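Number of protein chains: 2
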Amino acid sequence: MEFWYTEEWTENVRFSIKVDQQLYSKKSDFQQVDIFESQELGKFLTLDGLMMVNEKDEFVYHDCIVHTPMCVNPNIKNVLIIGGGDGGTARELSRYSSIEKIDMVEIDELVVRASQEFLPITASKLEEDSRIHLYFEDGVAWVANAKDETYDLIIVDSTDPIGPGEGLFSTEFYQNCYRILSKDGILVNQNESPYFAHNAREMKRAHEKINRIFPIAKVYQAHIPTYPSGHWLFGFASKTFDPIKDAKVDEWNALGLKTKYYNTDIHVGSFMLPTFVKEMLEDAKSSK
Amino acid sequence: MEFWYTEEWTENVRFSIKVDQQLYSKKSDFQQVDIFESQELGKFLTLDGLMMVNEKDEFVYHDCIVHTPMCVNPNIKNVLIIGGGDGGTARELSRYSSIEKIDMVEIDELVVRASQEFLPITASKLEEDSRIHLYFEDGVAWVANAKDETYDLIIVDSTDPIGPGEGLFSTEFYQNCYRILSKDGILVNQNESPYFAHNAREMKRAHEKINRIFPIAKVYQAHIPTYPSGHWLFGFASKTFDPIKDAKVDEWNALGLKTKYYNTDIHVGSFMLPTFVKEMLEDAKSSK
Chain A
1 MEFWYTEEWT ENVRFSIKVD QQLYSKKSDF QQVDIFESQE LGKFLTLDGL MMVNEKDEFV
61 YHDCIVHTPM CVNPNIKNVL IIGGGDGGTA RELSRYSSIE KIDMVEIDEL VVRASQEFLP
121 ITASKLEEDS RIHLYFEDGV AWVANAKDET YDLIIVDSTD PIGPGEGLFS TEFYQNCYRI
181 LSKDGILVNQ NESPYFAHNA REMKRAHEKI NRIFPIAKVY QAHIPTYPSG HWLFGFASKT
241 FDPIKDAKVD EWNALGLKTK YYNTDIHVGS FMLPTFVKEM LEDAKSSK
Chain B
1 MEFWYTEEWT ENVRFSIKVD QQLYSKKSDF QQVDIFESQE LGKFLTLDGL MMVNEKDEFV
61 YHDCIVHTPM CVNPNIKNVL IIGGGDGGTA RELSRYSSIE KIDMVEIDEL VVRASQEFLP
121 ITASKLEEDS RIHLYFEDGV AWVANAKDET YDLIIVDSTD PIGPGEGLFS TEFYQNCYRI
181 LSKDGILVNQ NESPYFAHNA REMKRAHEKI NRIFPIAKVY QAHIPTYPSG HWLFGFASKT
241 FDPIKDAKVD EWNALGLKTK YYNTDIHVGS FMLPTFVKEM LEDAKSSK
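From first to last, the protein sequence lines are chains A and B.
Heads up: the first sequence at position 205 corresponds to 205 in full-length UniProt numbering, and the numbers run straight through without jumps.
Heads up: the second sequence at position 59 corresponds to 59 in full-length UniProt numbering, and the numbers run straight through without jumps.
Keep in mind that the hints were calculated from the coordinates and are not lab data.
Heads up, a few of these hints could be off.
Claimed, not checked - Here are the computed distance ranges between Cβ atoms for each label pair:
(1) E128/B <-> E55/A: 46 to 54 angstroms
(2) E279/A <-> S130/B: 31 to 39 angstroms
(3) I244/A <-> A254/B: 43 to 51 angstroms
(4) D250/B <-> E279/A: 32 to 40 angstroms
(5) K245/A <-> E127/B: 29 to 37 angstroms
The model shown is predicted, which means the values in this text are computed figures rather than measured ones.
Each residue gets a CB set at the ideal place from its N, CA and C atoms; glycine is no exception.
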């Protein structure tokens with residue numbers, strides 16, 4: 001018998017992983033949650049049939065989404081994670097002793113519970129670190145209700161803009177993020193991919209909206225082989241900091257954090273984009 | 001009816017592309033040559049069941065393998081391409097009026113003929129540009145027989161080190177490349193991928209050998225979604241030039257070449273590698 005998990009990257013492209021067994025399968029109020037075990041990727045979590053995290057390359061995504069803003073402002077004290085139910089983003093943040101509080105607002109409790117049971121690699125810090133406050137609430141409502149200038153960093157660790165993640169790609173959401181960020185605040189978001197047409201459309205829409213609201217809005221890239229095309233983007237937006245000029249390279253390196261993907265060279269390199277991506281982002285901006 | 005091309009990235013990971021039709025299928029003396037037509041990637045060429053080029057993303061590979069060395073030394077006059085039967089590397093080189101001669105040594109004539117018939121996007125310059133001299137010979141023998149200091153640039157545009165490409169990953173081959181390069185000579189090679197174990201092994205072996213022979217040996221990366229993992233590497237080795245410090249950024253930009261992937265920012269960014277890749281390369285070097 002062979003058992004394969006197959007993801008439709010587009011109608012015409014499929015990515016398949018040979019699976020040893022399905023460890024978990026449940027429909028929450030929001031989405032279908034599955035966890036599989038495989039030879040190649042170890043255990044992996046999917047939501048509505050899309051890869052979220054796996055033991056082999058989760059470090060790439062979590063390194064990029066956390067250490068990039070932390071290197072630009074090592075004085076970040078208060079952080080808001082929207083989504084991030086697998087716990088990997090909270091885990092990387094918890095390595096900074098300088099951070100005082102991490103609010104994590106995940107709409108779907110089932111994702112957190114399943115990750116805590118099967119993916120301690122990402123979820124282990126959620127219980128251990130008392131600075132992490134877990135709220136099973138809607139991120140859109142959370143940012144609408146939060147007070148002005150509450151956070152120094154907001155990380156939008158969302159699914160694609162279909163299903164529960166949709167509101168996290170709206171102008172109103174980004175406007176509230178701006179309002180509740182401190183005067184040096186930074187917003188980082190998973191910003192889809194430039195390769196397949198449907199991802200590229202969402203990438204442009206997200207960047208266009210963020211760019212209208214934040215004075216500084218850049219995009220950086222990473223190699224995440226298990227996401228569609230492996231060419232994945234993150235957004236970096238801020239009120240004051242430029243992600244390259246204001247990177248505190250020496251200060252970050254002095255922390256001595258061991259990382260498997262991120263380093264202060266690739267911090268710079270990740271903002272240097274292929275011409276076709278730059279052109280897509282320029283297009284998005286000019287369609288204001 | 002559905003018709004799918006499936007590539008085994010590993011025993012446990014498959015990448016599949018929905019195909020409209022198979023345009024060409026022939027076994028040469030060296031390998032199985034197929035060309036397919038698809039919605040997502042346009043036409044694509046495979047050798048022994050491995051993706052070589054497709055109309056959607058061939059520009060990434062050919063931009064990286066050609067413009068990176070050309071930016072470091074815009075005075076390159078004599079070029080040797082080993083492999084590159086689809087013609088894409090020759091096409092990009094032919095855009096430099098400063099280049100005087102391009103010897104292209106491809107072991108398998110069938111690859112060139114099939115590409116000329118079905119992939120004019122890459123192969124069109126092979127007949128048009130009189131500076132391109134096509135030899136259907138073994139690249140290993142070619143470099144063994146060439147005179148000292150014949151070329152300013154050698155591009156190893158090979159398949160994986162299995163089948164006809166195997167000798168192009170040998171120490172003897174790289175030693176001859178060194179010998180036949182001029183005193184400012186540059187060697188660029190496709191250097192596999194760090195992600196899946198079997199690719200990573202070949203990546204380390206190639207780098208270790210090149211690093212023993214050339215005083216300067218670096219690795220740079222690109223996003224090529226249709227190659228296994230999408231995280232692909234190239235080697236840059238030279239007798240005198242550092243790929244970053246000696247890049248002639250203004251000079252290259254003054255040429256006004258329009259490119260879809262390459263630019264002088266990503267030139268720099270592509271040499272900034274994830275920590276796990278840096279560590280693999282260091283391991284390879286210390287196993288001398």
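Status of the hints after comparison with the structure:
Checked against the given bound of 46 to 54 angstroms, the beta carbons of E128/B and E55/A, roughly 50 angstroms apart, stay inside it. Against the hinted window of 31 to 39 angstroms, the Cβ-Cβ separation of E279/A and S130/B comes to about 33 angstroms, which satisfies the hint. Distance hint check: the CB atoms of I244/A and A254/B are about 24 angstroms apart, inconsistent with the given range 43 to 51 angstroms. In this structure the supplied range 32 to 40 angstroms is violated for D250/B paired with E279/A, their Cβ-Cβ distance being about 22 angstroms.
Between K245/A and E127/B the beta carbons are some 49 angstroms apart, a value that contradicts the proposed interval 29 to 37 angstroms.
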